[in-house]
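**Student:** Residue numbers (the working numbering), protein chains in the order written: chain R, 1 to 62; chain A, 1 to 256; chain E, 1 to 240.
Mixed in with the good hints, there may be bad ones.
To be verified - Far from chain E, by Cβ distances over 10 Å, these chain A residues were calculated:
(1) Leu38
(2) Gly60
(3) Tyr77
(4) Pro131
(5) Leu146
(6) Leu182
(7) Glu240
(8) Gln246
(9) Arg251
Claimed, not checked - Partial list, computed: chain A residues near chain R (C-beta under 10 Å):
(10) Ile30
(11) Met72
(12) Met74
(13) Ile118
(14) Thr119
(15) Met125
(16) Trp145
(17) Ser156
(18) Ala157
(19) Leu235
(20) Ala238
(21) Arg239
(22) Ala248
I should point out that these hints are in silico values taken from the structure, not numbers from a laboratory.
Note that beta-carbon positions come from the ideal geometry of N, C-alpha and C, so glycine has one too.
Residue-level listing of the chains:
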Amino acid sequence: MIPHVLYVLAAYTVVWLVLLAYLFTIARRQASIRRELEELQRTVAHRQSPGGSGPPASRVRQ
Amino acid sequence: MERGLSQPKTGVLSTLGWLDLLWLLSLVGIPTMLYLALVWAPEDAVMAELVYRATGVRDGVAQRIFYTHVPMAMAAYISFFLVFLGSLLYLWRRQIVWDIVARSSAEVGVVFTTLALITGSLWGMPTWGAPWAWDARLTFTLVLWLIYIAYLMLRSAGGGNPARTARYAAVLGIVGFFDIPLIHWAVVIIPEGMHPFIVSESRASLPPEMLFTLIVAILTFAVLALLVIGQRIRLELAREELENLQVAMDRERSAP
Amino acid sequence: MAGARTGTVSAEAERSLPSFAFQVWILLGKEAAIELRSKELLLPVVVFAIVALVSFHFAFDLRGDVSPLVAPGILWIAIFFSGMLALGRSLGRETERGSWEGMLVAPLDRGALYLSKALATFLLLTVLEAVLLPVGALFFRLPFLVPGLFLVLPLGTLGVTSVGTLFALMAANTRAREAMLPILLLPLLVPVMVASVKATGGFIDGLSWGEVQPWIGVLVAFDLIFLTLSTLLFDTVTEE
Numbered sequence: 001m002i003p004h005v006l007y008v009l010a011a012y013t014v015v016w017l018v019l020l021a022y023l024f025t026i027a028r029r030q031a032s033i034r035r036e037l038e039e040l041q042r043t044v045a046h047r048q049s050p051g052g053s054g055p056p057a058s059r060v061r062q
Numbered sequence: 001m002e003r004g005l006s007q008p009k010t011g012v013l014s015t016l017g018w019l020d021l022l023w024l025l026s027l028v029g030i031p032t033m034l035y036l037a038l039v040w041a042p043e044d045a046v047m048a049e050l051v052y053r054a055t056g057v058r059d060g061v062a063q064r065i066f067y068t069h070v071p072m073a074m075a076a077y078i079s080f081f082l083v084f085l086g087s088l089l090y091l092w093r094r095q096i097v098w099d100i101v102a103r104s105s106a107e108v109g110v111v112f113t114t115l116a117l118i119t120g121s122l123w124g125m126p127t128w129g130a131p132w133a134w135d136a137r138l139t140f141t142l143v144l145w146l147i148y149i150a151y152l153m154l155r156s157a158g159g160g161n162p163a164r165t166a167r168y169a170a171v172l173g174i175v176g177f178f179d180i181p182l183i184h185w186a187v188v189i190i191p192e193g194m195h196p197f198i199v200s201e202s203r204a205s206l207p208p209e210m211l212f213t214l215i216v217a218i219l220t221f222a223v224l225a226l227l228v229i230g231q232r233i234r235l236e237l238a239r240e241e242l243e244n245l246q247v248a249m250d251r252e253r254s255a256p
Numbered sequence: 001m002a003g004a005r006t007g008t009v010s011a012e013a014e015r016s017l018p019s020f021a022f023q024v025w026i027l028l029g030k031e032a033a034i035e036l037r038s039k040e041l042l043l044p045v046v047v048f049a050i051v052a053l054v055s056f057h058f059a060f061d062l063r064g065d066v067s068p069l070v071a072p073g074i075l076w077i078a079i080f081f082s083g084m085l086a087l088g089r090s091l092g093r094e095t096e097r098g099s100w101e102g103m104l105v106a107p108l109d110r111g112a113l114y115l116s117k118a119l120a121t122f123l124l125l126t127v128l129e130a131v132l133l134p135v136g137a138l139f140f141r142l143p144f145l146v147p148g149l150f151l152v153l154p155l156g157t158l159g160v161t162s163v164g165t166l167f168a169l170m171a172a173n174t175r176a177r178e179a180m181l182p183i184l185l186l187p188l189l190v191p192v193m194v195a196s197v198k199a200t201g202g203f204i205d206g207l208s209w210g211e212v213q214p215w216i217g218v219l220v221a222f223d224l225i226f227l228t229l230s231t232l233l234f235d236t237v238t239e240e
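Bound conformation, chain R alone (with noise of 0.2 Å):
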């Protein structure tokens, strides 16, 4: 016989773990895709312009 304290615990457990879990993959992914990004935009300003003067995110705009 399983006390039934356990099964509150359990229940709990599971929701938190579960929705932790989940916003944590979010984040991992946004920072990934961000990381990308900016990676993308360096190589767009450095084609753009030879010298690399500037900012980068201006030059993205265009």
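Got chain R sorted already, so can you dock chains A and E onto it with the hints?
**Tutor:** Structure of chains A and E alone, referenced to chain R:
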């Protein structure tokens, strides 16, 4: 996108941005909800009696699962309503943002429905002595789960035409939402109407402390659902921006 | 011959855009003419339903007392799966042969196109039921010959074809279409399945009208809501 949110520095709210506000509310709501649900709320005698009759154990603690189970289901309904809203606005305006709202909400809704089903089973084990007893409300949740899993599968089976996939998904998002009241009618309302005894027993009026705890829990998880959906939308927007940039670069490379 | 006939129909339509109801009627006539000549859908669907009945016999041994208990479920499982087979074939072959594009170019209301497809499949399944009921009653001893069934059968069948036509066209344009159609359709059709089986069981058990009536209400509401909604949404599904 982020800069746009934080640029006007008038007042606290606009500098925080609405996602940060939701984070703040969650940071207050989550510990409050946990304290109320696990410590403060009393255990109901009627429910304890039901548990005793089913399992022969005098223990009302399993009922505390309700404070996390019911809000999961509510959070899922909010998400599915946002799927409907996003689908409708996408078909009307044809802006990719609304498709992103719909698909993000669908995924989050499926996560919350899954949690509602798991916590429902964990409540069922001590209450009925079985993880699944085809309880009307849990069955209803199961059908919703299947519909929105089909929604996600339809999206992934779309193949090379993103605009068509978005349109098809929007149609399912709208049809599925109109189906929800009919499923509720066929699976919950009519069967319960035919067994008035069970209804009067399970709908025994909640003591005010339990009701208060349940409301706080529902509000907390509603905020949390919006927060997760917001994060998911932000992710999809960033991905969209990345793809657009890659397409633009490819075009530039092919036509110098 | 048939091609020439279809040609005159669309030529007529071009000259004076016929009313919505008339468009549905003409398209329905076209579907019926094609099916009567080829029997490309009816034959496999009827054979499938008979094979299903035989399988049900081996699964449940219909000679015993279980027959009235399982009869409503057997009837509706057979109709649901025959329906999905017919819908999948009917819309799948249109996209395969490219005949669908021709229809979309014609000056027709897309809603009329939807309704004619839905009603054609409804008629097809009605013919199937006209075979299924006597065969089930005579050879499988299933209590299928109850007057109330003449009310439940059309309502439930219309429910299947209403959403079914919309999603069969969508499934036909996705990968893994054979698997996609039941995955999309069966959860959405839960109210139809529940209400049809309960109402059929109620009529077989000889329950009072008051006990069966709520289920009939579900079916009527489902048919009205989804015939309207699908007619409106079909435009979005067919645009390219």
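**Student:** So which of those numbered hints doesn't the model satisfy?
**Tutor:** The structure conflicts with hints 5, 6, 12, 16, 17 and 18, although it agrees with all the remaining ones.
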